[in-house]
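So the sequences go chain by chain: E and C. No gaps in the numbering here: position 316 of the first sequence is 316 in our numbering, and each next residue is one more. No gaps in the numbering here: position 52 of the second sequence is 52 in our numbering, and each next residue is one more.
No lab work stands behind these hints: they were computed from the structure. Accuracy of the hints is not assured; some may be wrong.
[To be verified] With beta-carbon atoms standing in for the labels, derived distance ranges:
no.: 1; chain 1: C; residue 1: 114; chain 2: E; residue 2: 217; range: 20 to 30 Å
no.: 2; chain 1: C; residue 1: 73; chain 2: E; residue 2: 365; range: 43 to 53 Å
no.: 3; chain 1: C; residue 1: 288; chain 2: E; residue 2: 217; range: 56 to 66 Å
no.: 4; chain 1: E; residue 1: 4; chain 2: C; residue 2: 63; range: 21 to 31 Å
no.: 5; chain 1: C; residue 1: 73; chain 2: E; residue 2: 27; range: 36 to 46 Å
no.: 6; chain 1: E; residue 1: 56; chain 2: C; residue 2: 93; range: 56 to 66 Å
no.: 7; chain 1: C; residue 1: 21; chain 2: E; residue 2: 168; range: 33 to 43 Å
no.: 8; chain 1: C; residue 1: 88; chain 2: E; residue 2: 323; range: 43 to 53 Å
Here the structure is a predicted model, which is why all the values come from computation and not from measurement. Backbone N, C-alpha and C define an ideal beta-carbon position, used for all residues, glycine too.
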Amino acid sequence: MSKSKTHVFFVLYRNELEKLWVRRMRALIIALLVIVVGGTFIAYRNYQASQGQVQNGIAQIKSQIAQERSQLAHMHNGKTKKLLEEELRGNQSALRQMEQNPPNPGTVFVRQQLSSLQSSVKHTPSSQLGTTLQQIAIARYQLVHGITIYHPSDHGGYRIVGQIFGGTTMLLLGLVALGLTGDRMSSEIEGGTVGSLLLHAPWRRFVYLAKLGAALTVTWTFMAVLAVGFFLMATAVMGTGNPMNPHAVGLRLKMAGGEISVPVQTFHLLPQWSYDLATFGLALLVMGTFVAIFLALSMVTRSTVFSLIVGAVLVISNILGHALGPIAIANPAMFLPLMQVWTGQEAFDYQMVVPLSAAIIVLLIWTAVALIAGLWTARRLDV
Amino acid sequence: MNMSNVMIDVCDVSKRYGSVTAVNHITFTVNRGEICGFLGPNGAGKTTTLRMLLGLVRPSSGHISIQGVNVASNAPKALNSVGAIIEESRFYPYLTGEQNLRQVLRLRGLAVSPEALTSRLSEVGLGTAGRRKVKGYSLGMRQRLALALAMLQDPEILVLDEPMNGLDPAAMRDFRLHLLRLAESGVTILLSSHILSEVEQLATRFVFINQGQVVGIEDRRQGTGEKTYVRVLESDQIGPWFEAQEMVAERLADGAFLVSLAALQAVPELVRDMVAAGFNVIEVRPHQENLELQYLERMAHPPEVLDHVQV
């Protein structure tokens, strides 16, 4: 590429950024605020609900303790009284623990859990052995990192970032990317500005690639700002949470007898902060594919309306999940929450085992096809 | 004509859209420093031809070169020194005039300082309107902005498709004078317009196109003296005199004659002979056919329409 062509590409890229920013600035800021505030609010409501459950649990135990004390006051010595006293002591101990470790229900005491798992491993059927060994590994990891009490539904800044980019919020981000990209070429063609553009920059492929670059930049920047926004909001409302909470990823799952099985020792453990980064990286990759697809749709259809409708249907097809049958594996929308493929959650949700490498290959194929179709159409465009 | 003078060479170019032939084997050239009028009715194929010339539409056959460079195979180089206004100049409505201009200035590698932007916008009479979004511009303002863009980098060739659309009479006059100045400085201009009176005042050469085909080319600079307009006081007597002199002369409705001469140099001799024969010569000038009449004739209009056009 000669120097002048490089110059032209970067100028085109800069121009596209300017156009995209001026045109979508307000919508992006509104979307950012709505998603961050709305998402944090939902998470906070869950957090509050869990706290409420704890309070209810505490109130129940207190009421039970009061009842038992009342019963004991009217009891004479005997076996029944001893049993009741033992039960009262147990309830008082549980009350103390719950009051010491509020907010989340289902609090797991890791040492107890580990000992329970280790004692049960001998009697575990082979089909569930992998899951049990995975839980043992997680418990050991937690103890090594000083985590003796664990809240499976822990809330906070770290956890929410992983949840956003590894969950169904990715559908929302897919729609945001569609709004940013779905009319990049078609609006130029429909508005007649593509003629002026090509008059001053008669490098059609550069024009296309500059639009792709600008759309990627804005989409990825939006995601980064979203991550920071969620972290700050969630931290302000619920605290940071534990950055060392473990997540098992890379499970080499298998289908056996129509069910998913977890083979022995086939996973990695990532601490929360590392899990967040990995989730964010995978989300960037997925969104890159979708931006390429949306731009190609805009170029090939030359219609903003058609491009937006097809793009939206594609994103929403994620919820069809396994209803698509074996072809679901070719649907890029299946991999919108790509981290769920790595954790194995998607396999359990959709009863379909897809390794992360296969998902990435599918996404790369879609990206390549979108790029080739878009560039080929751009080259042959008559305006 | 020396080939190095040919700035635009359209050679046997066709464009088909499915079964529809928009442009059918057209051939013409535009020479250096020339203002060439490109005329034809709506749907004749003018805009398609100009868009092919600007690399926006690919020809189905034939080739177009600008300064010897094939547009289809090397558009960036061929269009490097071309400025253009294409029909219905479109801009990004959500950007201001300045932002639209800045985008193109960047692409052309020109200065984008606020002073440079203001200066260029002031040149076309937009001034402070440059800070407004283009969606609020009138058609005339858009055309002025289009002109500012077309004039960037002092182009050697200007391709203008209906550039006067939406301009008020004063702006149209400014625009005409501007184009004449450019042509004097050597800029080659290919101009398509429906305003024949404006084109007539500007162009020295005309390419007529109808139904996708070139139906005539006229060069007004080639003063061969073939037809000379002659008016004398004794209009009834001079007809026989021309016959006696074995000259071909056609009597017009106003009593004047169109005399066919072999060359421009024969005009002074004719005047001397007429004076010597005792005629009172009132007016002698090279004859140029009315552009409107030429246009209508070439577009195959019926005689009753042509009768209403003054020569």
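Consistency of the hints with the structure:
1. C:114 <-> E:217: 20 to 30 Å: Holds, at about 26 Å.
2. C:73 <-> E:365: 43 to 53 Å: The hinted range 43 to 53 Å is violated for residue 73 of chain C and residue 365 of chain E, with Cβ atoms some 33 Å apart.
3. C:288 <-> E:217: 56 to 66 Å: With Cβ atoms ~59 Å apart, the hint holds.
4. E:4 <-> C:63: 21 to 31 Å: Given about 25 Å between the Cβ atoms, the range holds.
5. C:73 <-> E:27: 36 to 46 Å: 41 Å, holds
6. E:56 <-> C:93: 56 to 66 Å: Holds, at about 58 Å.
7. C:21 <-> E:168: 33 to 43 Å: 54 Å, violated
8. C:88 <-> E:323: 43 to 53 Å: Roughly 48 Å apart at Cβ, these two residues keep to the hinted range, so it holds.
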